[in-house]
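Chains as they are written, first to last, in full-length UniProt numbering: chain U, 1 to 198; chain R, 1 to 198.
Simulated from the structure, these hints should not be mistaken for laboratory data. Just so you know, not all the hints are guaranteed correct.
No copy is singled out in the list; a pair is fine if it fits within one copy or between any two copies.
To be verified - Calculated pairs, DMTMM-like style, for lysine to aspartate or glutamate (alpha carbon to alpha carbon, straight line, at most 25 Å):
no.	residue 1	residue 2
1	149	190
2	149	68
3	15	81
4	15	123
5	15	190
6	56	25
7	149	86
8	56	80
9	15	119
10	56	33
11	149	74
12	149	193
13	56	74
14	149	120
15	56	186
16	15	33
All figures in this text were calculated on a predicted structure; none of them were measured in a lab.
The residues making up each chain are set out below.
2 protein chains.
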Amino acid sequence: MTDAPETTRRGAYDKGVRRRREILDRAIEVFAERGAEGTSLRAIGEAIGVSHAALKHYFASREELLIEVYRAAEERSMTEDRPPADSTVVGFMTHAARRNHGVPGLVQLYSTLVAGALEEGHEPSRAFFGARFADLRRFLASRVEAEQKAGRIRPDIAPEAAAALIIAASDGLQTQWLLDPRVNIETSLELLESLLST
Amino acid sequence: MTDAPETTRRGAYDKGVRRRREILDRAIEVFAERGAEGTSLRAIGEAIGVSHAALKHYFASREELLIEVYRAAEERSMTEDRPPADSTVVGFMTHAARRNHGVPGLVQLYSTLVAGALEEGHEPSRAFFGARFADLRRFLASRVEAEQKAGRIRPDIAPEAAAALIIAASDGLQTQWLLDPRVNIETSLELLESLLST
């Protein structure tokens, strides 16, 4: 990036943020179709038409790029296709699962990153998914409590245990569905919802 | 392997099976400790003290070796630590999850192989885990039906939907636990069990 006279530091910063955003937007399209399999940083650059040097300028590693692609894709789909405000706690996850149906590459990317996070030497993924799961458990546990107060979820259920169970069910069902399209994610999530209900 | 005169074809075959079994047994120990991360076929050979050529003789690829390690480890643990005959359907999965607690490397190997199976170009993993999940769903669905007949599980629950849900819950909770040991797999599985109960 050259420091042209008219470019203030602030302008250069904004341009960098925009460029990084553009790279992520293009990468999301590529990954939504075909996932992350066998993609070196160089191959990713070729697929989205960005030089390897430019990619390395914006992302410290392939792992960091993949995490940012996943984070940006999730933010985008949350903005474009928000669950209804009156969603139940399981309905919230069912909505996300239905949305994911259209982008199997991103579900693959998610499972690849999560599996990587469980292994040694993937600290960025471990930090990102550790925090993401903890946030999601807190969020869903607070929804469970709210539904218990509203008389819709059984009062004898521990909100934290239910939150972990709902996330696990949603993740695990998506894995089974990707391996066998006859697995019906929504039917099993609706079963869980009815079991939790008063 | 040389064809010594006293070695019949059958004897050579048996010797090959034994040798393959020995390699898998040693590989299980290595993977139980540290998972499959960053292990080329060559590095695996070094870790278990087997030449690269010998490994390639017995296993077509790294992926095939890893699948066979996982299969052998699961068979071994099913033999050594069988769930009680009167286990409930969820109890069966809780028993497996408790057993897995002691071998985080094998849980990592499982998640790595499953994540790989979801991507293009991993046909052996896809075939193995597609069949494994389908078998497990059938097995658990038949247990759900048996428990319904015995009056222990609610009669209004679809056995197939429950089976997929129980497997998903068990897999997803193990992932969350590996990222955060505060997640209590057994508490959430016991919750699911109580929800399914009459």
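We went through each hint and held it up to the structure:
no. : hint      : in the structure
1   : 149 - 190 : both (21 Å within a copy, 23 Å between copies)
2   : 149 - 68  : neither (37 Å within a copy, 50 Å between copies)
3   : 15 - 81   : neither (28 Å within a copy, 60 Å between copies)
4   : 15 - 123  : neither (29 Å within a copy, 43 Å between copies)
5   : 15 - 190  : neither (46 Å within a copy, 52 Å between copies)
6   : 56 - 25   : within (16 Å within a copy, 42 Å between copies)
7   : 149 - 86  : within (15 Å within a copy, 37 Å between copies)
8   : 56 - 80   : neither (29 Å within a copy, 50 Å between copies)
9   : 15 - 119  : neither (36 Å within a copy, 35 Å between copies)
10  : 56 - 33   : within (23 Å within a copy, 34 Å between copies)
11  : 149 - 74  : neither (30 Å within a copy, 43 Å between copies)
12  : 149 - 193 : both (16 Å within a copy, 23 Å between copies)
13  : 56 - 74   : within (23 Å within a copy, 41 Å between copies)
14  : 149 - 120 : neither (42 Å within a copy, 46 Å between copies)
15  : 56 - 186  : neither (40 Å within a copy, 43 Å between copies)
16  : 15 - 33   : neither (28 Å within a copy, 47 Å between copies)
Hints 2, 3, 4, 5, 8, 9, 11, 14, 15 and 16 from the earlier list are contradicted by this structure; the remaining hints agree with it.
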